[in-house]
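K.L.:
To convert, note that position 47 of the sequence shown is 48 in my numbering; the numbers rise steadily by one, no gaps.
Worth flagging that the hints you see were computed from the coordinates, not collected in a lab.
The model shown is predicted, which means the values in this text are computed figures rather than measured ones.
Built from N, CA and C at the ideal position, the CB exists for glycine as well.
Treat the hints with care, since some could be wrong.
List time: in silico DMTMM-like cross-link candidates among lysine to aspartate or glutamate, alpha-carbon distance up to 25 Å [said to hold, decoys possible]:
1) K14 with E32
2) K14 with E64
3) K14 with E31
4) K14 with D38
5) K14 with E54
FRET-style restraints, in silico, Cβ to Cβ [claimed, not checked]:
6) E18 with M125: 37 to 47 Å
7) L147 with A69: 18 to 28 Å
8) D6 with G87: 41 to 51 Å
9) T20 with E93: 38 to 48 Å
10) R12 with D97: 44 to 54 Å
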Amino acid sequence: MNRSDLRPILREKFPPERTYLLPALHYLQEEFGHLPDWAMQTVAWHLRVPPSEVYGAATSYSELRIDAPGSHVVRVCNGLSCWCSGGRDLLESLSDQLGVQPGETDADNRVTLEETTCGFLCPMAPAVEVDGLWRGRVSNSDIPDLLRDLT
């Protein structure tokens, strides 16, 4: 898909009003897996908002990403319950085992490690999301099973 393909889709799905900025960004995220620069510029043009506003919105929400992720995405909840229940240690262990820092993708573009805001699994903290599937009560001993199919 390119800019000329995207414009009629945006016209059909979203009225040209600022109110539709987040829905349009979520649509792009679903289509591309991330928010390509050219697509964000097209949304800015369509909604008649400054590109800086689109970029600001895109970088303010942890579920939206500017850069293309790896083939697999591992996200650790950093909400209070998860963090206090071992989420920080879990994130450090995952970082060590994957060889990347949170927010990075490994050199082979296979796995992206991210922190995310509350996954709403507080009673089952700490929680980890792997390729869109949330798991609760995750411990360091669960990491090999989590990563087995990813690397």
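K.L.:
Find the hints from earlier in the document that the structure breaks and name them by number, from lowest to highest.
P.N.:
Per hint list: zero violations.
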